[in-house]
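Chains as they are written, first to last, in this note's numbering: chain A, 10 to 327; chain B, 10 to 327.
Since the hints were derived computationally from the structure, they do not count as laboratory data.
Mixed in with the good hints there might be a few duds.
What the hints assert, rightly or not - Chain B is faced by these chain A residues, among others (derived, beta-carbon under 10 Å):
#  : residue
1  : V91
2  : A94
3  : G160
4  : A161
5  : R162
6  : G166
7  : H170
8  : P223
9  : E260
10 : A278
Just so it is clear, CB atoms sit at the ideal spot from N, CA and C, and this is done for glycine as well.
2 protein chains.
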Amino acid sequence: MTYVVALDVGGTSMKGGLVTRGGEVTVLAGRPTGREHGPDAVVQAVRAYVGEIADLGRSRYGVEPAGVGLAVPGIVTASTAVYSANIGWRDVPAEAFTPPGVPARLGHDVRTGGLAESVFGAGRDVADFLFLPIGTGIAGAVVLRGEPYGGARGWGGEIGHASVWPAGEKCACGQIGCLETYASASAVARRFTERSGSTVTAKEVVERAVAGDPVAAEVFGEAIEALAIALASYVLVLDPALIVIGGGLAEAGAALFEPLRERLAGRLAFREPPPVRPAALGPRAGMLGAALLGWQAAGDDDAGADWSLDVLRGGSVS
Amino acid sequence: MTYVVALDVGGTSMKGGLVTRGGEVTVLAGRPTGREHGPDAVVQAVRAYVGEIADLGRSRYGVEPAGVGLAVPGIVTASTAVYSANIGWRDVPAEAFTPPGVPARLGHDVRTGGLAESVFGAGRDVADFLFLPIGTGIAGAVVLRGEPYGGARGWGGEIGHASVWPAGEKCACGQIGCLETYASASAVARRFTERSGSTVTAKEVVERAVAGDPVAAEVFGEAIEALAIALASYVLVLDPALIVIGGGLAEAGAALFEPLRERLAGRLAFREPPPVRPAALGPRAGMLGAALLGWQAAGDDDAGADWSLDVLRGGSVS
């Protein structure tokens with residue numbers, strides 16, 4: 010049985026797994042990146058984690074991994090982690106993370122999640138869509154003609170910092186009125202606390218909004234309006250076949266999707282909106298996309314098309 | 010000498026020419042589309058115009074045209090003018106416009122202009138840019154990986170209807186705060202008239218703004234601010250290597266470009282803006298792009314790369 014090692018490296022934690030060519034997934038326990046010890050320590054931590062996953066693969070399948078795929082934050086090419094403000098590294102080659110002799114490929118974290126949603130997730134039936142995970146921050150994977158698109162220099166997808174209220178609230182990034190400052194999960198929690206004095210999670214804000222709390226409803230409604238404004242502009246410029254919302258806020262379900270669809274349609278006068286659907290792969294999208302990168306590194310560009318969502322969701326966890 | 014027939018069909022008028030494989034351009038006098046007589050009349054007028062240009066080509070070069078390229082408004086595929094609200098036609102095949110037996114290709118008007126700017130105009134050195142002609146309306150050609158991109162169904166590029174002030178002025182399209190309602194040439198003229206009572210052209214508004222007229226400066230400044238807001242969002246989502254501004258308003262030159270560059274940079278806190286440059290091909294971009302479509306129809310995808318801007322600008326006019 011051939012397999013790849015797949016890793017989704019976030020700012021503070023990382024998630025890894027083994028994924029066979031047939032889509033059998035073994036998810037390992039996540040672990041911290043240790044970024045408080047500096048970028049070199051993160052590289053060492055990633056390398057050690059990849060090594061342990063590869064050891065598990067050798068013992069389970071009796072062969073070397075066919076490839077390694079890594080989803081990493083910041084600016085990234087297939088062979089180099091160019092820069093991450095979050096981690097602090099610069100120009101780290103893929104080989105620094107991986108066992109000698111095993112082919113490796115890197116990808117941008119959000120776009121790698123978008124790749125997985127594209128190949129066998131919520132976007133599997135379309136070529137052109139936006140994958141928008143909404144968590145502590147907001148960034149998107151712009152999937153065009155079947156491929157995640159990062160722009161001229163890999164800085165694309167920053168829809169979280171598109172201004173929806175250009176004379177509105179100041180964002181932590183220094184700009185005015187960014188989508189993220191109204192609609193990220195952390196913004197929803199922060200803005201509720203500012204108005205109510207209560208410290209709660211975004212999930213609780215949604216629950217209170219659904220239960221009729223007027224302050225929670227106002228804050229959550231403003232988040233949805235900000236999303237509708239940003240998505241309307243996206244739709245007008247890029248005419249996607251689909252919008253896929255993921256991340257923690259998507260767990261709000263109908264409380265998010267129903268008003269969002271309605272407000273998006275209300276912001277579009279001369280065209281229909283595309284469907285707006287929840288992501289299929291949840292928080293594992295990045296790791297599963299990294300598995301596709303690992304198979305690409307192994308020379309297999311077709312992996313994933315026949316993977317089943319049920320197998321993935323039922324993947325064993327060691 | 011081989012040549013193609015190229016036509017840029019707008020709502021009310023059309024421009025045609027003969028373009029040789031070497032980039033020698035003969036521009037013919039434009040003529041009305043006659044849309045007031047209905048869509049069938051427009052098809053007949055286009056067909057007649059194409060026929061006359063082909064006759065000129067036969068008499069000048071002694072051979073049949075190698076192909077015909079047509080830039081048309083609305084929704085369009087390479088072989089069919091699917092729909093235009095402006096003209097009213099539906100599902101007109103390319104053959105309806107062209108002499109029997111001559112291969113033809115259609116393209117979207119703005120994207121065809123963007124194709125020309127991409128192949129031998131202001132975008133010739135980059136693969137990813139926005140071509141934004143600003144005239145009576147605003148629509149863009151989103152050029153990605155060297156090709157104009159129209160989205161899942163060909164409705165893309167409508168950046169003129171992205172909302173820059175979501176609680177702002179109502180646009181003629183029915184939406185609120187569209188870029189076009191602040192920054193098109195007709196919006197600049199209209200908004201100046203509303204505030205001053207004087208009826209002038211956008212060009213005159215710019216001249217008055219430069220001369221120190223406070224109302225003109227305010228209206229033109231608001232147009233530039235609206236452009237900066239829309240372009241900042243575009244840059245964040247798509248990370249273009251370049252922004253190319255064309256159309257009548259680009260003739261304002263430094264009065265437009267200098268404050269626009271400054272305000273765009275001011276709207277971007279954590280990344281540099283791309284260069285913002287004037288278009289190279291002027292109002293002929295659509296016709297020249299149609300010539301490239303004509304060569305593509307003839308099986309020659311490489312035409313244009315060696316065309317010189319000087320030759321194009323000096324093209325003889327019959």
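Fill in: Violated constraints from the hint list, given by number and in increasing order
1, 8 and 9
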